[in-house]
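Novice: This is what each chain is made of:
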Amino acid sequence: MVGGHDLATRIRRLYLPLAAFLVLMLFPFYWMLITSIKPNRELYNARIMPLIVHQPTLKHYVDLLTETNFLTWTYNTMLVAVVTTAVSVVLGTMMAYPLARMRFPGAAVVAIGVAATYLVPQPLLFIPMSDIINRLELGNTLTAVMLTYPTLLIPFCAWLLMGYFKSVPRELEEAARIDGASRFQAMVRIVLPLCTPGLLSAGIFAFTLAQNEFLYALIFLAKSEVRTVPVGAITELIRGDVFYWGQLMAAALLGSVPVAIIYSFFVDYYVAGLTAGAVKN
Amino acid sequence: MTSRRDFVTVTLAAVGGALAPRWAGAAPKAMSVVHESSFIKAFDDFFVQKLAPEYEKLTGIKINYEPVSVGSMLTRLTTIVETKAGPEIVATGVNWPYLFDAGLVDVTDVANEVGKKLGGWHDNIYDAVVVNRKWKAIPWGNIGQLEVYRTDWFKEVGVNKFPDTREDLLAAGRLLKKKGHPFGFELGHGFGDNHGWLYPLLWSYGGREVDKDGKTVLIDSSETAKAVDFCRKFYQETMLEDVLGWTDVNNNRAFLAEQISCTNNAMSILIVAKRDFPEIGKVTDHGLNPQGPKGRFHLFNVQSHAIAAHAPDQAAAKAFLRWLYDDKQLSAWLVAGDAYYAPFLHGYDNHPMWNADPRYLPYKDCLRTSRLHAWPGPAGHQASESVAKYVLVDMFAKACRGDSTKDVIATAAAQLKQIYKAK
Amino acid sequence: MAVGPASIARPAPVAGRPITLRGLLEREGVFSWIMLTPGVLFLLAFVAYPFFYGIFLSLEEHPVARAGRFVGFANFVILAHDGVFWQVTRNTFMYVAVTTVFKLLGGFAMALVMNQSFRGRNLTRAFLLLPFIVPTALSTVAWMWILDPTFSIVNWLLVHGGVITSGYSWLGNASLAMWSLIVVNTWRGMPFYGITLLAGLQTISPDLYEAAAIDGATTTQRFLYVTLPVIKPVLIIVTMFSVIFTFGDFQLIYALTHGGPANATHVFSTWAFDIGMSGGQLGMGAAVALAILPALVVLIVGLTIYLRRE
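Chains as they are written, first to last, in this note's numbering: chain A, 46 to 326; chain B, 577 to 999; chain C, 23 to 332.
Hints in this document: simulated from the structure, not taken from any laboratory. Incorrect hints may have been included.
To be verified - With a Cα cut of at most 27 Å, we get these calculated DSS-like pairs of lysine-lysine: (1) B:LYS982 to A:LYS268; (2) B:LYS791 to B:LYS982; (3) B:LYS791 to A:LYS104; (4) B:LYS904 to B:LYS940; (5) B:LYS633 to A:LYS268; (6) A:LYS268 to B:LYS710; (7) A:LYS104 to B:LYS858; (8) B:LYS940 to B:LYS710; (9) A:LYS268 to B:LYS894; (10) B:LYS710 to B:LYS693; (11) B:LYS894 to B:LYS904; (12) B:LYS605 to B:LYS633; (13) B:LYS617 to A:LYS268; (14) B:LYS617 to A:LYS104; (15) B:LYS626 to B:LYS894; (16) A:LYS268 to B:LYS638; (17) B:LYS737 to B:LYS940; (18) B:LYS940 to B:LYS692; (19) B:LYS605 to B:LYS904; (20) A:LYS268 to B:LYS693.
To be verified - What follows is a set of in silico ranges between Cβ atoms, one per label pair, in the way DEER data are often shown: (21) C:ASN144 to B:GLY636: 53 to 63 Å; (22) A:ALA226 to C:GLU83: 57 to 67 Å; (23) A:PHE311 to C:ARG141: 10 to 20 Å; (24) B:LYS710 to A:ALA153: 50 to 60 Å; (25) B:ASP699 to A:LEU124: 48 to 58 Å; (26) A:PHE311 to C:VAL52: 31 to 41 Å; (27) C:TYR71 to A:PHE311: 33 to 43 Å; (28) A:ILE307 to C:VAL52: 35 to 45 Å.
What the hints assert, rightly or not - Coverage of chain C stretches by chain B, computed from C-beta distances (three or more under 8 Å per stretch; other residues unrestricted): (29) 77-87; (30) 161-172; (31) 191-198; (32) 284-296; (33) 302-308.
Ideal Cβ placement from N, Cα and C applies to all residues, glycine included.
Make the full structure from the sequences, and use the hints.
Specialist: As structure tokens, this is what we get:
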């Protein structure tokens, strides 16, 4: 940013495409927002201008918070997502590091085996999986999903991190080892810090997938008090062929916007972990 | 935490029960009932707030109520039955007593007692819940699918009473579409409102998917062709293109947004209209499905309670059902359900719940002419497969899209032959 | 990446030294397996049984609630003769291929745009992730509104803008329905590419760009010879995951069209679910779900070989 770019270039390169992305990505959220604050009679009125709200109301939010267990669902979701993300990123890192950077017998088999867990589609896995959960007597507990989500997330984290680990030059690590660092120290002090953005994106995506998961949560969490947001909302706000649109959209927003705001603090470290000026174009 | 510990106890019992008879004799501390979350919230609430606590006070057995969204119910039941664990009492609909036959307990004794006390069961209920002469579920009511229409708009085109025949309804629809009030009948892959009118349509022209023997595929007939031709005309002259992609939610919303003048649906439209859109509620009414050349038909969606075979204490589960289906409990529960569920007991034919609104009555009247999917074929696994593959729905939908009658019937026939393993 | 032969950079072999615990731990094989064991054990414990159960199920005729009967490959033979199966196959490949291209190109563009510095960057980055954060089960509910012809805001804008006279049926028309689903999937998946690739871009040392600039490289050359090689592993892995996830995509299609109109949008996962769960034919459902196995195996094995080649 040394003044080399004039405003026109900056508009062309940054502001226009950025605006386009923002509109495309966020328009449905605008839609969710106005749906969540429109009274029912306005929602069903096809004759009025749909982009604005004529008589905004917070009724859907109040109903969501008072008539359902939404706060409990949110707490459950966060707890499950935090635990599964931590487990998955740690175990995923431990698997990805040797797979990406070492030569050892059995490496290819493990690498393929880890990815192979995705080959059998989830709609098939949940019958045997719930058999396991039943045998462990974990039905209707959050532990059930805390144990099953990592089966999806560890391979995901491992593979994603393999890509980032590969991009760190081997020489950096070798130099540290010549200076007397053990393999473990070289990993923790040299390679991992360089891969902070990768670790963060693995964490962010593991967290996101965990809080979005539907099928296992549906099967394992049958009581309202132990449900997560997606399953709770879908079960209690869709009754037969009638949707509680406003409350559903309120749940979607309350469940996602705070998470995005928390992410925005983490995204900071995308840069902070690196040498200053890394973002220079 | 207590409820969780109880659940563990129950699960333990469920796992150990099949092997060890030591549990027999000792009454369970808790039992669970899995239900599809009712369209009528008060119906669910009544169970949780009234019935369950009352039973616990009476017997010390805690009853957990596990609601599942309508679309997820089959998944949940499949898991329960396949893993032989989970709730002892499961709610069923459609043909599930047949589908899960081997995983459900014979409840003939309970059914007979309930029937005797409450005036006897309707005759055609046997087709829906009695499998190989054994009652596999106790039905509390039917969610009927009827014609829902706007009385004011129908009057504007000179139709004061809901048309009694298919052709009259088509004629009315033509006029209404010209006035900007098209019909909207689901032709997409929803769970109920598509089959709800298409099976009756096929039957009313004399068409059948498969014969009673479950082997002879009958779909390729001139009767089917007439039904398909009618459907195409009905679609092209009265409806919007979008119905081809509709699921069950779309017609409710289109009706309440005053976009369509007639559809086929359960009672949910009227009930929501009365609650949220009173002026639409005033001009909404129900009609029986119109007759075709071969009669008048409706589709069953029988809601029942069954006992899973893995239940460690089947006697306790039966005792609970006996209590639940006692007039004192059942009657009040049905009232809480606002006549959304039409019971099959003659003792309830003139139940006070029918007095709440005369517009509810057709849901009682349609019981006599209701049949299960795939009728007259057997209601087992193959019927489910045909429904799940949308054989019938797609046959009609493709014809509406413009494919020839011959082609769509040939495709459906090939699919049905594969499903029923016929030549 | 590889500067000089690897053997020079590697420390001297441990052969001559006495074997110590530390020495043992420093061996690549030992170190690797110690790191791998917890994850491998966890996956074996929870995935092995379901994995083989799924494969075994596909070789059975297994109506729900009844005992299964081993039938070998009979389910697959039946599928091969089923017209709907081939329609579903075409739908699936079209859905996966088109959305992957869209997401890849869009996501890359998104990453490049966001790799510049501007005010409010962190918040923007996080908010662009929203489509991915919000539970799919709920965001599809919003899309149900957006794509409903009566209420469709797209139709409203087109009609009121004078472009068309009556709205399109986004989900009712067979060809439009597939494109509508592609748009929704792209909307949800693009941020995944965008943010992951952005993280990849951030690991590129600015020195490399400076060096390239000194050598007089143009923007395009810098992109081709500096950016692309460094983020290639990430790019490939992200694409692989997205392909696998898209093959398994279920909720979005199930909620919006349920495979309709007339099977025009059924894909393997939704069709398998309908046959296995709604139809109660667990064996056949498993067979449908596993029909994509060969394609995915080729993908994964090919990728493993590529990534482990140095």
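Novice: For each hint, tell me whether it holds in the structure or not.
Specialist: Hints, verified against the model:
The hinted pair formed by LYS982 of chain B and LYS268 of chain A fails the criterion: a straight-line CA distance of about 50 Å is larger than 27 Å. At roughly 22 Å between alpha-carbon atoms, LYS791 of chain B and LYS982 of chain B fall within 27 Å of each other, so this suggested pair holds. As the CA atoms of LYS791 of chain B and LYS104 of chain A are separated by approximately 55 Å, the hinted pair breaks the 27 Å bound. Between LYS904 of chain B and LYS940 of chain B the alpha-carbon distance is near 21 Å, which keeps this suggested pair within the 27 Å criterion.
With a C-alpha separation of about 21 Å, the suggested pair LYS633 of chain B and LYS268 of chain A falls inside the 27 Å cut-off, and the hint holds. The suggested pairing of LYS268 of chain A with LYS710 of chain B is violated, with an alpha-carbon distance near 32 Å, which exceeds 27 Å. Distance hint between LYS104 of chain A and LYS858 of chain B is fulfilled; the C-alpha atoms sit about 25 Å from each other, no more than 27 Å. Restraint check for LYS940 of chain B and LYS710 of chain B: satisfied, since their Cα atoms lie roughly 26 Å apart, inside the 27 Å limit.
Restraint check for LYS268 of chain A and LYS894 of chain B: the C-alpha separation of about 23 Å stays at or below 27 Å, so the hint holds. Of the pairs offered as hints, the one joining LYS710 of chain B and LYS693 of chain B holds, with about 19 Å between alpha carbons and a cut-off of 27 Å not exceeded. Under the criterion of a C-alpha separation no larger than 27 Å, the hint pairing LYS894 of chain B with LYS904 of chain B is consistent with the structure, at around 17 Å. Distance restraint check for LYS605 of chain B and LYS633 of chain B: the Cα-Cα separation of roughly 12 Å lies within the 27 Å cut-off, and the hinted pair is therefore satisfied.
For the hint pairing LYS617 of chain B with LYS268 of chain A, the CA-to-CA distance comes to about 16 Å; that is within 27 Å, so the pair holds. Our distance criterion of 27 Å between C-alpha atoms is met by LYS617 of chain B and LYS104 of chain A, whose separation comes to about 18 Å. The hinted pair formed by LYS626 of chain B and LYS894 of chain B meets the criterion: a straight-line CA distance of about 19 Å does not exceed 27 Å. Among the hinted pairs, LYS268 of chain A with LYS638 of chain B is consistent with the structure: their alpha-carbon atoms are about 14 Å apart, no more than 27 Å.
Taken as a hint, the LYS737 of chain B and LYS940 of chain B pair is honoured in the structure, with Cα atoms around 19 Å apart against an allowance of 27 Å. For the hint linking LYS940 of chain B to LYS692 of chain B, the alpha-carbon distance of about 21 Å falls within 27 Å, and the restraint holds. In summary, the hint linking LYS605 of chain B to LYS904 of chain B is supported, as the alpha carbons are separated by about 24 Å, within the 27 Å threshold. Between the alpha carbons of LYS268 of chain A and LYS693 of chain B the distance comes to roughly 34 Å, so the proposed pair goes past 27 Å and is violated.
The hinted window of 53 to 63 Å between ASN144 of chain C and GLY636 of chain B holds, with their beta carbons roughly 58 Å apart. Judged by the Cβ atoms, the range 57 to 67 Å given for ALA226 of chain A and GLU83 of chain C holds: they are separated by roughly 59 Å. Distance hint check for PHE311 of chain A and ARG141 of chain C: the Cβ-Cβ separation is about 19 Å, which falls inside the suggested range of 10 to 20 Å. Taking the beta carbon of each, LYS710 of chain B and ALA153 of chain A are about 56 Å apart, inside 50 to 60 Å as hinted.
Under the hint 48 to 58 Å, the C-beta atoms of ASP699 of chain B and LEU124 of chain A, about 53 Å apart, fit the expected range. The given range of 31 to 41 Å is respected by PHE311 of chain A and VAL52 of chain C, whose C-beta atoms sit roughly 35 Å from each other. Remark: the range hint 33 to 43 Å for TYR71 of chain C to PHE311 of chain A is upheld by a beta-carbon distance near 36 Å. Checked against the hint of 35 to 45 Å, the pair ILE307 of chain A and VAL52 of chain C passes, with Cβ atoms roughly 39 Å apart.
Residue count for the segment 77-87 of chain C with a Cβ under 8 Å from a Cβ of chain B: 3. That meets the three needed, and the coverage hint holds. Requiring three or more residues with a Cβ within less than 8 Å of a Cβ of chain B, the coverage given for the segment 161-172 of chain C holds, as 4 such residues are present. With 6 residues having a beta carbon nearer than 8 Å to a beta carbon of chain B, the segment 191-198 of chain C meets the requirement of three or more and the stated coverage holds. Chain B is given as covering the segment 284-296 of chain C, and this holds because 3 residues of the stretch bring a CB closer than 8 Å to a CB of that chain, at least three being needed.
Restraint check on the segment 302-308 of chain C versus chain B: 3 residues with Cβ-Cβ distances below 8 Å, three needed, restraint holds.
The structure does not agree with the numbered hints 1, 3, 6 and 20 stated previously, though it agrees with the rest.
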